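**Student:** If you read the protein sequences in the order shown, they are chains A and B.
Per the working numbering, the very first residue in the first sequence carries number 4; after that it's consecutive.
Per the working numbering, the very first residue in the second sequence carries number 4; after that it's consecutive.
Just so you know, the hints here were simulated from the structure itself, not pulled from any lab data.
Any given hint might turn out to be false.
The list treats identical chains as interchangeable, and a pair is accepted whether it falls inside one copy or across any two copies.
Unchecked claim - Below, in silico cross-link-like pairs of lysine-lysine (DSS-like), each with a Cα-Cα straight-line distance of 25 Å or less: (1) K37 with K55; (2) K579 with K502; (3) K15 with K126; (4) K435 with K37.
These figures come from a predicted structure and were not determined experimentally.
2 protein chains.
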Amino acid sequence: MRARQFFITTLKEAPADAEIVSHKLMMRAGLIRKLSAGIYNYMPMGLRVIRKVENIIREEMNRAGAVELVMPLVQPAELWQETGRWDKMGPEMLRLKDRHERDFAMQPTSEEVVTDIARQELKSYRALPKNLYQIQTKFRDERRPRFGIMRGREFLMKDAYSFDRDVEAAGKSYENMYAAYRKIFDRLGLTYRAVAADTGAIGGDRSHEFQVIAETGEDAIVYCPQSDYAANIELAEALPLLAERAAPTQALNKVPTPGKSTCADVAALLGTSLANTVKSLVLATDEVDETGAIVKSTVWLLLVRGDHDLNEVKAGKVEGLKDGFRFATEAEIVEHFGCKPGYLGPVGLKKPVKIVADRTVALMSDFITGANEVDFHIAGVNWSRDLPEPDVVADIRNVVEGDASPDGKGTLAIQRGIEVGHVFYLGTKYSKAMNATFLDEDGKPKHFEMGCYGIGVTRILGAAIEQNHDARGIIWPDSIAPFTVAICPIGYDRAEDVKVAADALYAELTAAGIDVILDDRGERPGAMFADWELIGVPHRVVLSDRGLKEGQAEYQGRRDAEATKVAVTELAAFVKARVGS
Amino acid sequence: MRARQFFITTLKEAPADAEIVSHKLMMRAGLIRKLSAGIYNYMPMGLRVIRKVENIIREEMNRAGAVELVMPLVQPAELWQETGRWDKMGPEMLRLKDRHERDFAMQPTSEEVVTDIARQELKSYRALPKNLYQIQTKFRDERRPRFGIMRGREFLMKDAYSFDRDVEAAGKSYENMYAAYRKIFDRLGLTYRAVAADTGAIGGDRSHEFQVIAETGEDAIVYCPQSDYAANIELAEALPLLAERAAPTQALNKVPTPGKSTCADVAALLGTSLANTVKSLVLATDEVDETGAIVKSTVWLLLVRGDHDLNEVKAGKVEGLKDGFRFATEAEIVEHFGCKPGYLGPVGLKKPVKIVADRTVALMSDFITGANEVDFHIAGVNWSRDLPEPDVVADIRNVVEGDASPDGKGTLAIQRGIEVGHVFYLGTKYSKAMNATFLDEDGKPKHFEMGCYGIGVTRILGAAIEQNHDARGIIWPDSIAPFTVAICPIGYDRAEDVKVAADALYAELTAAGIDVILDDRGERPGAMFADWELIGVPHRVVLSDRGLKEGQAEYQGRRDAEATKVAVTELAAFVKARVGS
Numbered sequence: 004m005r006a007r008q009f010f011i012t013t014l015k016e017a018p019a020d021a022e023i024v025s026h027k028l029m030m031r032a033g034l035i036r037k038l039s040a041g042i043y044n045y046m047p048m049g050l051r052v053i054r055k056v057e058n059i060i061r062e063e064m065n066r067a068g069a070v071e072l073v074m075p076l077v078q079p080a081e082l083w084q085e086t087g088r089w090d091k092m093g094p095e096m097l098r099l100k101d102r103h104e105r106d107f108a109m110q111p112t113s114e115e116v117v118t119d120i121a122r123q124e125l126k127s128y129r130a131l132p133k134n135l136y137q138i139q140t141k142f143r144d145e146r147r148p149r150f151g152i153m154r155g156r157e158f159l160m161k162d163a164y165s166f167d168r169d170v171e172a173a174g175k176s177y178e179n180m181y182a183a184y185r186k187i188f189d190r191l192g193l194t195y196r197a198v199a200a201d202t203g204a205i206g207g208d209r210s211h212e213f214q215v216i217a218e219t220g221e222d223a224i225v226y227c228p229q230s231d232y233a234a235n236i237e238l239a240e241a242l243p244l245l246a247e248r249a250a251p252t253q254a255l256n257k258v259p260t261p262g263k264s265t266c267a268d269v270a271a272l273l274g275t276s277l278a279n280t281v282k283s284l285v286l287a288t289d290e291v292d293e294t295g296a297i298v299k300s301t302v303w304l305l306l307v308r309g310d311h312d313l314n315e316v317k318a319g320k321v322e323g324l325k326d327g328f329r330f331a332t333e334a335e336i337v338e339h340f341g342c343k344p345g346y347l348g349p350v351g352l353k354k355p356v357k358i359v360a361d362r363t364v365a366l367m368s369d370f371i372t373g374a375n376e377v378d379f380h381i382a383g384v385n386w387s388r389d390l391p392e393p394d395v396v397a398d399i400r401n402v403v404e405g406d407a408s409p410d411g412k413g414t415l416a417i418q419r420g421i422e423v424g425h426v427f428y429l430g431t432k433y434s435k436a437m438n439a440t441f442l443d444e445d446g447k448p449k450h451f452e453m454g455c456y457g458i459g460v461t462r463i464l465g466a467a468i469e470q471n472h473d474a475r476g477i478i479w480p481d482s483i484a485p486f487t488v489a490i491c492p493i494g495y496d497r498a499e500d501v502k503v504a505a506d507a508l509y510a511e512l513t514a515a516g517i518d519v520i521l522d523d524r525g526e527r528p529g530a531m532f533a534d535w536e537l538i539g540v541p542h543r544v545v546l547s548d549r550g551l552k553e554g555q556a557e558y559q560g561r562r563d564a565e566a567t568k569v570a571v572t573e574l575a576a577f578v579k580a581r582v583g584s
Numbered sequence: 004m005r006a007r008q009f010f011i012t013t014l015k016e017a018p019a020d021a022e023i024v025s026h027k028l029m030m031r032a033g034l035i036r037k038l039s040a041g042i043y044n045y046m047p048m049g050l051r052v053i054r055k056v057e058n059i060i061r062e063e064m065n066r067a068g069a070v071e072l073v074m075p076l077v078q079p080a081e082l083w084q085e086t087g088r089w090d091k092m093g094p095e096m097l098r099l100k101d102r103h104e105r106d107f108a109m110q111p112t113s114e115e116v117v118t119d120i121a122r123q124e125l126k127s128y129r130a131l132p133k134n135l136y137q138i139q140t141k142f143r144d145e146r147r148p149r150f151g152i153m154r155g156r157e158f159l160m161k162d163a164y165s166f167d168r169d170v171e172a173a174g175k176s177y178e179n180m181y182a183a184y185r186k187i188f189d190r191l192g193l194t195y196r197a198v199a200a201d202t203g204a205i206g207g208d209r210s211h212e213f214q215v216i217a218e219t220g221e222d223a224i225v226y227c228p229q230s231d232y233a234a235n236i237e238l239a240e241a242l243p244l245l246a247e248r249a250a251p252t253q254a255l256n257k258v259p260t261p262g263k264s265t266c267a268d269v270a271a272l273l274g275t276s277l278a279n280t281v282k283s284l285v286l287a288t289d290e291v292d293e294t295g296a297i298v299k300s301t302v303w304l305l306l307v308r309g310d311h312d313l314n315e316v317k318a319g320k321v322e323g324l325k326d327g328f329r330f331a332t333e334a335e336i337v338e339h340f341g342c343k344p345g346y347l348g349p350v351g352l353k354k355p356v357k358i359v360a361d362r363t364v365a366l367m368s369d370f371i372t373g374a375n376e377v378d379f380h381i382a383g384v385n386w387s388r389d390l391p392e393p394d395v396v397a398d399i400r401n402v403v404e405g406d407a408s409p410d411g412k413g414t415l416a417i418q419r420g421i422e423v424g425h426v427f428y429l430g431t432k433y434s435k436a437m438n439a440t441f442l443d444e445d446g447k448p449k450h451f452e453m454g455c456y457g458i459g460v461t462r463i464l465g466a467a468i469e470q471n472h473d474a475r476g477i478i479w480p481d482s483i484a485p486f487t488v489a490i491c492p493i494g495y496d497r498a499e500d501v502k503v504a505a506d507a508l509y510a511e512l513t514a515a516g517i518d519v520i521l522d523d524r525g526e527r528p529g530a531m532f533a534d535w536e537l538i539g540v541p542h543r544v545v546l547s548d549r550g551l552k553e554g555q556a557e558y559q560g561r562r563d564a565e566a567t568k569v570a571v572t573e574l575a576a577f578v579k580a581r582v583g584s
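Same shape as in the complex, but just chain A (with noise of 0.2 Å):
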C-alpha cells in the first residue's frame, strides 16, 4: 500500500473524553472516529487491524472445526420471549418496532437464534457434535460507554455456541474451545491468562476467562505462579489463613475508640495488627408473595478479617443469599444493632441476625470488633465464650496477595487483566427453555447440552494497546499490526536514486507477501517518524540519499531504542529476516 492513496489521519492531541492509553491512541492514530457516544467508525487503519484479528480467530476456530455463519443483527422479540430474557434483560439490550409496530431487538448475543437454528436443522445425534460461531456486530446500549472501542456501545464480537449429546461430549467441546482460544491468543501475540471464572446459576467449574495482562485492566485475576492455577478474582478460592482456632488469653475489653470507625484506624490507636481485628458487614434478605410484596426481610452480618475485603459473588452462593441479597438500610442496622454503623460487632446485638464468619474469622481468638456503641469497640472477643460459633462459616472474602493456592502448591500473586475473551459450559438452560432436541441413537429426544464461547473482536485492539505502547505511541504485535513494514524515504519526490530504491524494496518485499506500507506522502521525516511511531508500525526502513551514497539503509524495530545500518544489498533479507518471512 502506498500511503498518498491509503487514509492516514493522526492527531497530536487526543479528544478530551479519551480517558485511557488506548483510547487516546486510537484516536490520534486515526484507528476510529467517534460518531456518538459508544459509536465508532472504524477507520480504514483500524480496519486493518480489525481485519487481521478476525482472520486469526477465524483460521483457528475453523482448524477447531467449528462452521461459520451469520444471524441477523435484528432479532424478533418473540425468540427473546421464549427464554424469558425479554424481559430480563435490562435496558443495555436495544429494542426497537418495525413499521408494523412488531417487537425486535438488535442483538446483544444469540444464544436464543441460534438454539432456533439447532431445534430446526439439528435434528438427528448423528448431526453433533457442531459447533456454529459468527463475526457479528453487537449492540449494547451501556449506560456510561466509555474507553473507546474498550467498552463501546456498537461492536465486533466471535460468538460460538456448541451443540451436543451429553455432558461428556459437551465437556470435549469445552476442552476444544479452550485450546483453540490459547492458539487464537498465542497468535495475536498477546500476554494472557486463562483464569477459572464463576459459572453463576449454571452451576460447575466450566467457566474460563482469558484476560490480557495489563496494568490498566479492570479485572483482578490471580494466579499461582509455581502451579498453573489461575482464576479471577470472583472465584479464586481463600483458604484459612489459621490452621487451628487458639485458646482464649485476653478477657472481654469495650475500649473508647471516638472517630474511628475503621478496622485501620482502630488497629493504629490500639497499636495492634490489622489481623486482630474483624470488619462486619450488614446484608439483608427478603420474602415476597405472588404480587411481589415483602412479607418478611431477614438481617445478615458477614465477618470478615480486617485486612480483607467482602467477595459479593461468594456471599451469594452462602445458603439463604443464594436468590438475591441486597445491603440492609440504616434502619435495619439500629433495629437489630442498636447502633449506627461503623462500630457494629457481633457480640451484645439488639435482635437476633444471621452471622456468616469467613473461615479465617472462624479460626480467629481475641479479635476487635465493634461494640454496638458509636465511639467504641470490644478487644479480647472469642467465639463460644463471647459469642454463639457462627451460624455458617465460608470462603466470603477475596484472596489477597501471598495468600496460600488452593492447589497447595505455593502463594499466589495477583494482577490485572482485560477479559478479551470466555469460554462458557450453558448446559441445557437454552435448549430445556426453547425445547430444543435431537433424536438420540435410542429414538428418543434429548435437550441439546450447550456452550457458548466469545471473543471480544474490537476489543482485543484496546487491550493489544493497554499492554503495548510506550510515549511515542502503539506497538503492535507483528501479527496484527495495520502494516507490518513501515518504507520511510526521504525525499522520496526529489531524490532519484530514494525512490528507486524504496520502490524496489516496496517491490520485493511486497512479493514475499509482507504487509508494506510505502510512505510517498512527502512529509518531513520528523513529522513522518512520528506518525509511524504512533500508528505502531512494528518495523522500519529509512532510505536517505545521504545513506544510499555510502550504499546504506537504516532498519529500526518499534522497541529497539537505535536504528541499524543495514547494507542496501541486504536490506530485502534482513528486512525478511526481522519480520520472520
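Starting from the known structure of chain A, fit chain B onto it as the hints suggest.
**Tutor:** Structure of chain B alone, referenced to chain A:
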C-alpha cells in the same frame, strides 16, 4: 472441507412463501434460513458464497484505489437532519431510540456519515481524490419484504463514496468506478449489462445501473444489439416513429364503440391498426400555499399512441410536471371532459386542459381518440384542423422492441434484468447540505464533488441463481460457488480403496488451492448427487469401488448432460484443468 464437519441442510420442498426460483433454491439448498419477514440467517453454505462475492468486490475496489472502512449501523439522527433526509426518508428507514431517548437510524445507506468523515478528515485538496467504501449490513424496513434476500430488510451492501476537487475529477472517479464494476461483474461470472439510468433531481448523464440479465428480472432494460447503447426503460429515449406529419385524408367521424373503452378493442371493432389510435391519460398538478393547502389545480392530458405506454419518469421531466403530479380524480375528469374515463380525448373539451403529446402522436394524422362521450370514439382526428397544436411535444412513452436506437445505429431490443449495482454522480448535493468543504489550492474552501457506488452483495446471490439454474437446482459460476469441486465417494465408510482414492484426491486438490468438499456423510448415491446438484457445486467427481477396479472415476460438470470417465491416474490433473487451476 469434509461434509460431516460442515453444515448441510437441504430441503425437498421450499416453504410456501418462496415465490421465485432463487428464493426457493436458496431455501432448499440451505443457503439461508428465515428468522423474520425479510430477515435471514446466512447459513454456512450461503455465507461461503457471500464471502467469495465480497472478496471479489474488495479486491477490485482496492485495485481501483478505494479505501475500506466501516461505518456504524446505528447512526445519530442529527446527521440525517442536516441533509433533511430524517424527514424525507419514509418508513423504510428504521428509526429507534436509545436508553436516553435519543433518536437514531439503522443505516439504509451512509452518505451522511461519510460526508461527516470527509469534512473532518479531508481538509486539503492534496488529500483528494479519495474513495471510501464499506461492505456493511444495511437495513431497509420494506413494507412487503419478498423474494428472500433479493428484497430483504436486513442485507449486505458494498457502498462507496468518492470525493473530488471539481466536476472533471469527479468524472474520472466515476469512470474509474464504472471500470471497476465491469471487472467485478466479469469476475463474478454473470451475464450483465451496464445501462444508463435516470439521474432524477441531480441531473446530468452520470448514472448507470448494472443489471444481471434474467427473464424473471423486475426491470426492463433496453439495448441496441448493433451498438453499445443500453439504458433502463425509464431513461431510454423514444424517437418519433414518423418522419413528418401527413396531410389529413379523412373527415372527423364520431363512431359508436359501445363497451369498447381500450384502444385495442376500438381498433379491432373498427378494423384498423392499433397504431392509428391515441390513448388519453389525465394527470393533475396542485399549487399549494405556505400551509400546504391546495390553492389551484391544473389538469393535464397526456397522449401516447394506442400501442405505447406512458413513461412516468419522462412525464416528470416535462415543464410544469417537474415538481410532482398525480393522476386526476374522476370528478376532475368529468369537470373537464364531460365524460367518465374510458372514452376521453382531446377534441371537444368542456374546460381547457394542458395537452402534452408524445413525439409520435404529434406527427400522427387521421387518428382515433375517445369522443368524450360514453360508448363513442372519433376517427379522422387531425392536429390544427380539429384541435389546436399540443401545448407540449415531448418524449413521454416507453420505448418498445424494434424502435430505432437513439444513437442511430440500429433498432432496440428489450431484456429483463435484476439491478445489482449502481454508480451515481451526486455532485454537491450532500457536501452543500452538510457544508463539507476542503481547502483548494487557491486557499479557498470548496464543496466536495461526490459520487456514490453501490453493489447489493446478498442480492447478487439471488440474481446469480435467477440467471443460472435448472430443474435440479443452482448452477454457480466457479468464482462464487460455495465449493468448486464436490468429491462423492460411494461407500466411503466401507470400501477402503474408495476412501484412499477420495482422501488422496481431496488432499491433492486442496493443496492446489481448490475449494473442495469431500462428501463423507455416507449418504446413498442418489441423495448425495441430488444434494450437490441442488447446492450447485460446478464440478463433481464420483469414486466407486466398481470404477476403481477398472482404474476409473467419473467427472461431471454441473452443466454437462453426462459424466465423463477419467483414469484415476489422470484424475487430479483433469479436475485441475477443468477448474482452470
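**Student:** Hints first: check each against the structure and report whether it holds.
**Tutor:** The hints, checked one at a time:
{"no.": "1", "hint": "K37 with K55", "verdict": "within (22 Å within a copy, 31 Å between copies)"}
{"no.": "2", "hint": "K579 with K502", "verdict": "within (20 Å within a copy, 42 Å between copies)"}
{"no.": "3", "hint": "K15 with K126", "verdict": "between (58 Å within a copy, 16 Å between copies)"}
{"no.": "4", "hint": "K435 with K37", "verdict": "between (41 Å within a copy, 22 Å between copies)"}
Checked against the numbered hints given earlier, this structure breaks none of them.
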